[in-house]
Amino acid sequence: MSEMKIVSGNFAAAYGAKLSRVEVVAAYPITPQTEVVEKIAELVSNGEMDSEYVKVESEHSAMAACIAASNAGARAYTASSAHGLALMHELLIWASGARLPVVMTNINRAMGPPWSVWADHHDTLAQKGTGQLQFFCENNQEVLDSVIMAFKICEDADIMLPAMVVEDAFILSHTKEPVEIYDQELVDEFLPPYDPEYKLDVERPFGFGSLGMPDWYMDFRYKIAEAFEKAPEKIEKVNKEFTEIFGNDNGGLIEEYKTDGVDVLIVTMGSISSTSKDVIDELRKEGHNVGLARLRTFRPFPVEKFREITKGVNVVGVMDRSYTFGHGGDAAREIKDALYGHRDLILKDYIVGLGGRDLTPKILKNIMLDAISLQDKGLDKEIEWVDLRINQERWRR
Amino acid sequence: MQRPLNRLTTKLEVRRLSKEEVYRIVIDPKDHRDVPLTLITDCPSYLMTKTGSWRTLRPIVDNEKCIKCGICWKFCPDVSIHVKEDGAEVDYDFCKGCGICAKECPVDAIVMEKEEDYV
Ligand code: SF4
Ligand code: SF4
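Keeping their order, the protein sequence lines are chains B and V.
Going by the working numbering, the residue at position 186 of the first sequence is 186; the numbering climbs one at a time, nothing skipped.
Going by the working numbering, the residue at position 62 of the second sequence is 62; the numbering climbs one at a time, nothing skipped.
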């Protein structure tokens, strides 16, 4: 029987791992991720979860242990955040190169200095080139759902890649919401045991991660690229299947909210999407033809999908809770990439909420009104830092 | 010829495979479509490559002096020196000649000599 529980985003991640029948968990604690692995430790110690829980001395070792476990044919899971994730960097690349479907939860937190523990997407997006699939969650239910779906997608013979399921620090990680904890039997039907073709086995010894000479290295990298090309279709398919069985549709690549025939399209990621949807409703009531696309899957980047949903759109306003120095907001830059040569429209990048700066409905509404105003006045600025202390009056009024 | 696969986990023994056997996993692969997802060899590949050939200095143990304390074994980054009944024994197939064992030996039982004098 499925059961409704009031849980935090962190507990939702832990229950997602439990329902996925994760066999090995290796993790190192860091705020605001600690509760994820604390909860799992509790579930393992009281016998509710049948997993090997490996205590390690760093995040680098956590991912190394998950890689070894996955190589041995076990379903492996970890969780981290910000500086811990950065320390894992080398192994994130190893996991994808070794084609190991390790799934992790990352709690999106700002990178210091200035030291910060609050919501910001830079930690995850700094890892966008590591060959991990990346799923941004809007609410706690989606966190649980996405962990289960990620294993299903990643363990597919055509994909065989690691994934990061990410949630915003505190806004989701420490906020409790009703979450449906599914019936284990249903999850078992959806997610069969992990059974890779090649694994560490003393009866049948293989060497993994050996030297790839220049006459082969490139071809193995191409195989990863091929898997990423197949991933968008797989993600949509698994999302559809999940929706049919469990009744929750999390949007697959992009969740579209009132996007039919809109003039202005707002793009958001993560937890600000819920507030933004309310603001969209308000603006539509006031007569503005505006809709919202929630970018859920950042890797693979949904290039085709963006081309599709921007047909007939005049302005795209992108809210980026991250900024890559010398480049710009990550989502806006990649959307531009996707649309180049396909769409002739105005795109403005709004840098918002870094280091957990609050995004109130008022600020979000002012951003959307600014995007709407570009239809008449044209693009004033490619990148706008919203609600800096110097311009707070404009965005908070 | 038999040799231990992994001197840390012991017990398990595998045949030393020929280079041809190592690449048997794919028969004459032409391009990426013929190979597994990631580079896999059907034997632990480090046994195939006698990395000891990289050595320019060679540790020589004087087992008259050796007190079998095991410090060299503990410090060797390549698990290439083993303490046995008669004293310490270097595995020259894999020893890189870094000299750490010689530096750490408390009774100076190990000296480093030029490899070229031995080949
Ligand atoms: S460190 Fe020196 S004394 Fe100790 S076992 Fe090695 S060779 Fe012998
Ligand atoms: S020289 Fe270096 S590699 Fe060789 S046995 Fe001594 S410590 Fe090990």
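Calculated directly from the structure, the hints in this document are not laboratory data.
Errors might be hidden in some of the hints.
FRET-style restraints, in silico, Cβ to Cβ [to be verified]:
(1) B:357 <-> V:91: 55 to 65 Å
(2) B:1 <-> V:70: 34 to 44 Å
(3) V:60 <-> B:42: 31 to 41 Å
(4) V:60 <-> B:157: 25 to 35 Å
Here are a few chain V residues that face chain B, going by a calculated C-beta distance under 10 Å [as the list claims (entries may be wrong)]:
(5) 29
(6) 37
(7) 38
(8) 86
(9) 90
Only a predicted model underlies this, so the values are computations on that prediction, with no experimental measurement involved.
A virtual CB, placed ideally from N, CA and C, is assigned to each residue, including glycine.
Now the hints, each set against the structure:
In this structure the supplied range 55 to 65 Å holds for residue 357 of chain B paired with residue 91 of chain V, their Cβ-Cβ distance being about 60 Å. Restraint check, residue 1 of chain B to residue 70 of chain V: a C-beta distance of roughly 59 Å breaks the suggested window 34 to 44 Å. At about 56 Å, the CB distance of residue 60 of chain V to residue 42 of chain B disagrees with the hint of 31 to 41 Å. Between residue 60 of chain V and residue 157 of chain B the CB atoms are about 53 Å apart, so this pair departs from the stated range of 25 to 35 Å.
Annotation: interface hint on residue 29 of chain V holds; nearest CB of chain B at approximately 8 Å, less than 10 Å. A hinted interface residue such as residue 37 of chain V counts as satisfied when its beta carbon comes closer than 10 Å to some beta carbon of chain B; here the least separation is about 4 Å, so the hint holds. For residue 38 of chain V, the shortest C-beta to C-beta distance to chain B is roughly 5 Å, which falls under 10 Å, so the interface hint holds. Because the closest C-beta pair between residue 86 of chain V and chain B is about 31 Å apart, greater than 10 Å, the hint is violated.
For residue 90 of chain V, the shortest C-beta to C-beta distance to chain B is roughly 25 Å, which exceeds 10 Å, and the interface hint is violated.
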